[in-house]
Structure formats: structure tokens, C-alpha cells
Amino acid sequence: MIFVTGDTHGQADFDKLLRFARENPNLTLNDFVIIAGDFSAIWDKNTLDRELQPYRELPFTVLFADGNHENFDILNSYPEEVWRGGKVHKIAPNIIHLMRGQVFEIENITVFVFGGAASIDKEVRTEGVDWWRQEQPTQEELEEGLRNLKRHGCKVDYIITHTCCERALRYPPLNTPEMQMQTFPANILLSEFDKTVEFKHWYFGHYHFDGEPTDDMTVIYQKIIRLA
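Numbering follows the working numbering, in which position 36 of the sequence shown is assigned residue number 36; successive positions increment by one, without gaps.
Treat the hints with care, as some may be off.
What the hints assert, rightly or not - Here are the simulated PhoX-like cross-link-like pairs (lysine-lysine), alpha carbons at most 25 Å apart as the crow flies: (1) Lys-87 <-> Lys-155; (2) Lys-223 <-> Lys-150; (3) Lys-223 <-> Lys-200; (4) Lys-122 <-> Lys-195; (5) Lys-45 <-> Lys-150; (6) Lys-45 <-> Lys-122; (7) Lys-16 <-> Lys-155; (8) Lys-150 <-> Lys-122; (9) Lys-200 <-> Lys-150; (10) Lys-195 <-> Lys-90; (11) Lys-150 <-> Lys-87; (12) Lys-155 <-> Lys-195; (13) Lys-122 <-> Lys-155; (14) Lys-87 <-> Lys-45.
Stated by the list, open to error - Label-pair restraints from in silico Cβ distances: (15) Gly-128 <-> Pro-177: 23 to 31 Å; (16) Ala-228 <-> Ala-21: 36 to 44 Å; (17) Pro-25 <-> Gln-139: 21 to 29 Å; (18) Asn-175 <-> Leu-18: 27 to 35 Å; (19) Ala-21 <-> Lys-200: 39 to 47 Å; (20) Thr-183 <-> Ala-228: 16 to 24 Å.
Just so you know, these hints were derived from the structure itself, not from any lab.
In this text, a Cβ means the ideal position worked out from N, Cα and C, and glycines have one as well.
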């Protein structure tokens, strides 16, 4: 089975995975939970093993897109591999980083993954300590994503990103009289996929709540939703 959920922020929002494991005792390493960015357990080399250990002990395989709160220096130091048709960093046997712009074929469904987003608080962070420029998706990553999608006829079952495209920003819960989310370059970049790709549903995290901006887009945080 395949599921998707929102940000886990290392241990801060890990409990939802632990509860999910307890409530679904039949899950195995052949089942997958995809985290839509801000995995954040890869943060400090001095505490890396301690942060990753609870994830290693989960009975299922954790897949994650990168968010804006990742230590990209450490994350990108892992060897690049090909897994289920796309590029990954294999952190542990059951912890796998799904790299930007890749299409994965998992249990007869296709999933396009594109991480990254802008940190709105980077002015109070320190580059290379708790903020990295690699959080921002690049034109080269966009072009690689479009090439990979073209090989699949620009059609996938699901898109999973950290932030969202511009269309999602037009509707509640991201756009209300009380709250209007700002548009960043990553939102504009992701709109290229919205314009060119046929998909069943798009899931994204980043905004720390659960909601349905459109019929085909879901912002996800605490929920864990089954895809297949």
C-alpha cells in the first residue's frame, strides 16, 4: 500500500507516523508512506543517528520529498541511486529521499515528486547552519522534471510536492479574508507542471494544515491518506 502525509520536522511531528504504525500492524517494508517535504531528520551530523533511529524502527518504508527545512549539505552527500525509475538518496534501507523532478513507478502507480520551497524566516536563520540556498528549486531541476514527465507522456497518477502551484493559492484554505499566502518563485515554477501535466491528484505540505483548495489538490499535514 502507498500513503502520503505532510511534514514531520524530525521528531516534532513524528508521532503521527508512530500512531499510524500502531493502528496498522500489518504494514511491512513493502508498504510506503510518502512525506511531502520537511522530513528534517537530516539536520545535524552530531545528532543524525539519534534523529533517524525512530524512522528506522517503523515497520514500513518512509519516502520523502525535500522541503525547505532540510540540511542539504548532508542530504546531498548521500550517493545518488536509481530506484523505481527515478533518482534517490537512500538514507537507510527503509528511508529514501525522492529527488526533485523524478517520476517513480510504485505498485503500478506513477508519482512525480518535486521538493523545495522558500523559508519565510530565512532572515533570522544562518546560511549553512539552519538555512540552505538549495531549498529553492532551480530552472535546471524544472527542465529535468519536464524531460522525465515527457518520457511518461506528461501523464502521471499523482504529483507530490512540498509547496504548491499558483492555482492552489487562489482558494481557501490558502486564500481567505483572514489569511492570504504569499506567492514565491517556487510556486510560479510549479505552475509549469500544472499547465503541462495530466494527473489524478496533487498533494503538498508546507502550510501546516489539512485542506482541499481544489478538487484535484490537497494540502496535507496531520492526515495520512492512502493512494493505492
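Against the structure, the hints:
1. Restraint check for Lys-87 and Lys-155: the C-alpha separation of about 19 Å stays at or below 25 Å, so the hint holds.
2. Under the criterion of a C-alpha separation no larger than 25 Å, the hint pairing Lys-223 with Lys-150 is inconsistent with the structure, at around 31 Å.
3. Of the supplied pair hints, the one linking Lys-223 and Lys-200 holds, its CA atoms being roughly 19 Å apart against a limit of 25 Å.
4. The hinted pair formed by Lys-122 and Lys-195 fails the criterion: a straight-line CA distance of about 30 Å is larger than 25 Å.
5. Straight-line distance between C-alpha atoms of Lys-45 and Lys-150 comes to about 38 Å, which puts the hinted pair past the 25 Å bound.
6. Straight-line distance between C-alpha atoms of Lys-45 and Lys-122 comes to about 21 Å, which keeps the hinted pair within the 25 Å bound.
7. For the proposed pair Lys-16 and Lys-155, the alpha carbon gap of about 31 Å is over 25 Å, so the pair is violated.
8. The straight-line distance between the Cα atoms of Lys-150 and Lys-122 is roughly 35 Å, outside the 25 Å bound, and the hint therefore fails.
9. For the hint linking Lys-200 to Lys-150, the alpha-carbon distance of about 17 Å falls within 25 Å, and the restraint holds.
10. Of the supplied pair hints, the one linking Lys-195 and Lys-90 is violated, its CA atoms being roughly 31 Å apart against a limit of 25 Å.
11. For the hint pairing Lys-150 with Lys-87, the CA-to-CA distance comes to about 16 Å; that is within 25 Å, so the pair holds.
12. Taking the CA atoms of Lys-155 and Lys-195, the gap is about 12 Å. The hint holds against a cut of 25 Å.
13. Simply put, Lys-122 and Lys-155 have alpha-carbon atoms about 35 Å apart, too far for the 25 Å limit, and the pair is violated.
14. As the CA atoms of Lys-87 and Lys-45 are separated by approximately 23 Å, the hinted pair is consistent with the 25 Å bound.
15. The hinted range of 23 to 31 Å is not satisfied by Gly-128 and Pro-177, whose Cβ atoms lie roughly 39 Å apart.
16. The hinted range of 36 to 44 Å is not satisfied by Ala-228 and Ala-21, whose Cβ atoms lie roughly 19 Å apart.
17. At about 45 Å, the CB distance of Pro-25 to Gln-139 disagrees with the hint of 21 to 29 Å.
18. One distance hint, 27 to 35 Å for the beta-carbon pair Asn-175 and Leu-18, holds here, with the actual separation near 33 Å.
19. A hinted range of 39 to 47 Å for the beta carbons of Ala-21 and Lys-200 is inconsistent with their spacing of about 27 Å.
20. For Thr-183 and Ala-228, the Cβ-Cβ distance of about 32 Å falls outside the hinted range of 16 to 24 Å, so the restraint is violated.
The structure is inconsistent with the numbered hints 2, 4, 5, 7, 8, 10, 13, 15, 16, 17, 19, 20, although it conforms to all the rest.
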